[in-house]
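Residue numbers (this note's numbering), protein chains in the order written: chain H, 1 to 244; chain G, 1 to 104; chain W, 1 to 304.
Treat the hints as calculated values from the structure; they're not laboratory data.
Careful: at least some of the hints might be erroneous.
[What the hints assert, rightly or not] Below are the DMTMM-like pairs computed for lysine to aspartate or glutamate, each with C-alpha atoms no more than 25 Å apart in a straight line: (1) W:198 x W:263; (2) W:188 x H:152; (3) H:161 x G:2; (4) W:188 x H:43; (5) W:248 x H:71; (6) W:102 x W:233; (7) W:188 x H:83; (8) H:161 x W:185; (9) W:248 x H:48; (10) W:198 x W:182; (11) W:188 x H:48; (12) W:248 x H:64; (13) W:102 x W:48; (14) W:102 x H:239; (15) H:161 x W:48.
A quick note: this is a predicted structure, and the numbers were derived from the prediction, not measured.
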Amino acid sequence: MSDGLIFDRLFGPSAHQVAIRGHFVRGQASIAGRRVEVIGTWDAAALDSALTLELAAAVLACVEAPRPPGEAPPPIVFIADTEGQALSRHEELLGLNGYFAHLARCVDLARRSGHQTLTLVNGQAVSGGFLAFGLLADRICALPGAQVRVMDLRAMARVTKIPFERLEVLASESPVFAPGAENYWRMGGIHEVWPDDRADWRPLLAEALAAIDASPAGDQRPQLGANRGGRLLAARIAERVALG
Amino acid sequence: MEHFQITLSNSARADIRQPVLCGVVSSGNLEVLMMQSDSGGICTVDVNTSAVGFRDVWQAVLADFNERHALGGMKIAINDAGATPAVVSLRLRQAYESSRSETQ
Amino acid sequence: MNAKRLNQASYYEASARARIAGLVDAGSFDEFCPPALQQTSPHLALLDAPLAFDDGVVVGSARMDNRPILIAAQEGRFNGGSVGEVHGAKIRGLLIRAVREKPAAVILLVDSGGVRLHEANAGLIAISEIMRALLDAQAAGIPVIAVVGGSCGAFGGMGIVTRMCDVVVMSEEGRLSLSGPEVIETVKGVGEFDAKDKALVWRTTGGKLRRTLGEAAYLVDDNLDAFRSTLAEILGIARPDNALAALKADQAALTARRSTLADSADGLDIWRRAGFPAPEQVPMLDTDTFNILLAAHPLELAHE
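Let's have the full structure, built from the sequences with the hints guiding it.
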């Protein structure tokens, strides 16, 4: 959804000060008695170098921000709503891939500095735009109605020269290529898909943050994909290469 | 894609030490994997090809290759993306030469 | 100026396996998850597409200049070097192994358009898992070096991965970027990016341009010897640094780049701004001459 109502549902009406400035989201909130930082993109943002630098600056500011002694680094809740990378020759000249790489490093620095990182997909999460920050968080949850994909099926049919009708049929047998948050959940790419039958998301958010604490360190997604049956090879092959 | 297996009789024992891979699966090209098998006296060839309906051509190319080389106790696996018979023969020969060389 | 040696095999033309053979110490390469295991992609099979026994990437250990390394080479001629479930898992496994084995470096021979569309979701997730594993390796102090000089270049998610590496080595033939020119042309029109204009593509994404911007630290000739000797040099000095101070410096530099290049249409404007004597000739320069001129005319970034 693309209005500020999501923050009421996530934190409670008086427990957030999050500003939406065009495609950039920034602010603070609290959940289950904890302060959290909120950083993200809005309204199917096309992620370009400018927006990427805004996101990165916000992450670095969180890492650098002074805290009262003894207080743990606040979790960072990333809001991801992106139609993917900006498509522009000038952005290619600037090296947009390098800007994304920089943002990725910043998110990782936040994690290593003790901030839990949680991505909430609100709207769309597409391809490079999702890779740059959303997919790097400790835990990734799709809000109701979220669309997650690399490319829509019609475009994929054009590029792969496989007929669209055939892709549609195969999509019902395999979660591996067709768009959809459920497919990403089954493949272990995202951790949770939130149900659409409740107005108050605070318990879901609190549980998601608690789950980060409870999970083992490191990227659990290949194992998740194996457990859920959507990705049967990734964990096993990586382990074979890592240990064999 | 079409998959089939062709079995060749060959009493001359292949001297294959390590598995060997030759070629790349790009358009008009193929990869050939040669490995030792437990079945002496025969060579099984598993073909996976994007060019459908040419089994008899593969049969002929492989029979010809079998006549000129010691393939007993070898298994061959092929991924083909539409290579011509000449390219197939070349790749088989290259893999065979590799399988017999000292350094792999 | 060095005299060119005879029989210098082209890196661009070489297969992934031939590149590894040409870069590492003779006989030192030991392959993990080798093709004999026939670990092919079930997803390609489902979509009736050709398979490769190594799923288009070769990974293993080797020695370079007698130092232990881990190395991965993508086969650009198989499905555009694209990343699927198996392919991605092999690279991820290699990076995980690096944390335990502590090689002198992990070397990624990148030759890829990014996510394999036939396995779109698996590919996207795999690349993000590669990114996490790469960051873990760097946090453990292992240098990760990217080499870009093949026909696919480094695009899509692999363009991001490449820029996350400590050092990038390119040849002029290599391209490093995010979205392919064809995609941009299809969506935004030929006026935005004429994908058929090869010279423009290379002035926008090619090795010389990337070297000028500092995204590639080295520009070498397209031959295996040149890549090998440069990599041997780097092995001694590369150290990953993702600490706060380094990232703040990067933030400043990337910010300055946007303002400095706001009016630049392509490499020609950049070489002009840097003060190259004949900017329009830069694409024709041999590597040695280019590197000498670049050293004399570095691109200055404006600071706000």
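So, going through the hints one by one against the coordinates:
no.	hint	in the structure
1	W:198 x W:263	holds, 21 Å
2	W:188 x H:152	holds, 17 Å
3	H:161 x G:2	holds, 18 Å
4	W:188 x H:43	holds, 20 Å
5	W:248 x H:71	holds, 24 Å
6	W:102 x W:233	holds, 18 Å
7	W:188 x H:83	holds, 15 Å
8	H:161 x W:185	holds, 19 Å
9	W:248 x H:48	holds, 19 Å
10	W:198 x W:182	holds, 11 Å
11	W:188 x H:48	holds, 15 Å
12	W:248 x H:64	holds, 10 Å
13	W:102 x W:48	violated, 40 Å
14	W:102 x H:239	holds, 17 Å
15	H:161 x W:48	holds, 11 Å
Comparing the model with each numbered hint stated earlier shows that hint 13 is the single one that does not hold.
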